[in-house]
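S.K.: Sequences and hints are given; from them, build the entire structure.
Protein chains in written order, with the working numbering: chain A, 849 to 1011; chain B, 2 to 234.
Hints listed in this document are in silico derivations from the structure and should not be mistaken for laboratory results.
Model, not experiment: these values are computed from the prediction.
Misleading hints may appear alongside valid ones.
Computed beta-carbon distance windows for the label pairs [as the list claims (entries may be wrong)]:
id, chain 1, residue 1, chain 2, residue 2, range
1, A, 947, B, 21, 24 to 30 Å
2, B, 24, A, 947, 55 to 61 Å
3, A, 918, B, 144, 41 to 47 Å
Don't be surprised by glycine CBs; every beta carbon is placed ideally from N, CA and C.
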Amino acid sequence: MRMKTRIGTTLTTAVVLASAMVVPAHAAPAAEAPEQAAAPGLFITDGDDVHFSSTPPPAVSGHGWWIKGTTKATKAKVQIWLEVKVGSSWRVVAYGTKTVYPGGGSARRAAARMQCAAGPIARDTKYTYRSRIDVDLIGHADSNEQAVTDPLAYKCLPVSRFP
Amino acid sequence: MSLSSQPGEIAFRAHGSLRLHPWTETAYHEGSDADLYSLVMRQGAALEFADFRGAQSPCAQWNLAEAGDCWVGGAVAPELFWIRIPVKQSRQALPLQSAGLVLQRAVQKVGVASLDLLEVVVPLEFSRQDPMPLAYGRDWFEFSDPAGRRPATIELITAERSWDEAEIVAKVAPWLGDCVSFGPPASQFDVVLGSDTLDFLAWVAEVFSWAVADESSGSHLQLRFTFRAEDRP
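M.R.: Here it is as structure tokens:
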């Protein structure tokens, strides 16, 4: 799908590869779009599914990073929230942030990790987790869209509260 | 790290040595952070084998959980590398060949690896029912440089073992063709492998997992390929 979006006086053609995940040149919220801000161009908010960590103690974790498309930005603040499903809503159980160059290399990923809480878990009980990832381009306006990963269930008791 | 994987995950762990290419040695010396995780992520998404937030494809077969390697410093054990690959739940068959291919390309990009040991953990729930597509892999790998052949042993490890080695050999031999030669039946398989590349070994693992799936009630099969140092190419 091709999408044309007008931002200020700049006409940007965006090739949308995955509707919710490739962040097109949408108008950014006021707080992120000062009048003189450069057009954001294209970039991808990326991340892996929440997974059970192989490194003890038992934990679930997720990573977030960004891939440069046409944007002139060179760095971005990546934030990732790990969430557990409670009823019909989601509760944050861990958070991570890092300001990084694009590409997803070892120094270019933000991570959120929650150590499983101690306590009994009924047989066959699993808790459903997902991550929410936000990328804020440094010095460039961008949209407030966030990537949300697929929910996955693990036998990992969530922490009761997160600061 | 133990190579225990989560349900529905493929895992690889390799021991051996890696000689960096001159250009990668320079790149890492200058601070490159291209670790195995990011290389597999990029190549897997580019080939549309892997599914990430920004690269979702109807063809995707797997995504990525964790990885460690010896060249960027992610590995905490003396492995060459380890990696955990969750299989897409919609898959009807193990994506071992695509995972092995991407892994081979990623390692090959970094340097020249020499394997002493490769362990592959395979979730048997995804083992294929129809072995016929395995013939394409056999025909692909049979047309290979004979100089790449390498003696090895293969061990099969499951939670519950209920097979006979001779039966397994009889079952896999037609599908492995000339790519694998078997010695006399023993508790482990003495073989000559047509290659020691990761894509080849992943394909061999797929053939064995198909053969074992009906014979085991375990959820995972662990294959251990052991190479003798003196047989290194």
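S.K.: Give a verdict on every hint.
M.R.: Verification of the hints:
1. A:947 / B:21: 24 to 30 Å: With Cβ atoms ~29 Å apart, the hint holds.
2. B:24 / A:947: 55 to 61 Å: 28 Å, violated
3. A:918 / B:144: 41 to 47 Å: 42 Å, holds
Going down the numbered hints, you'll see the structure goes against just number 2.
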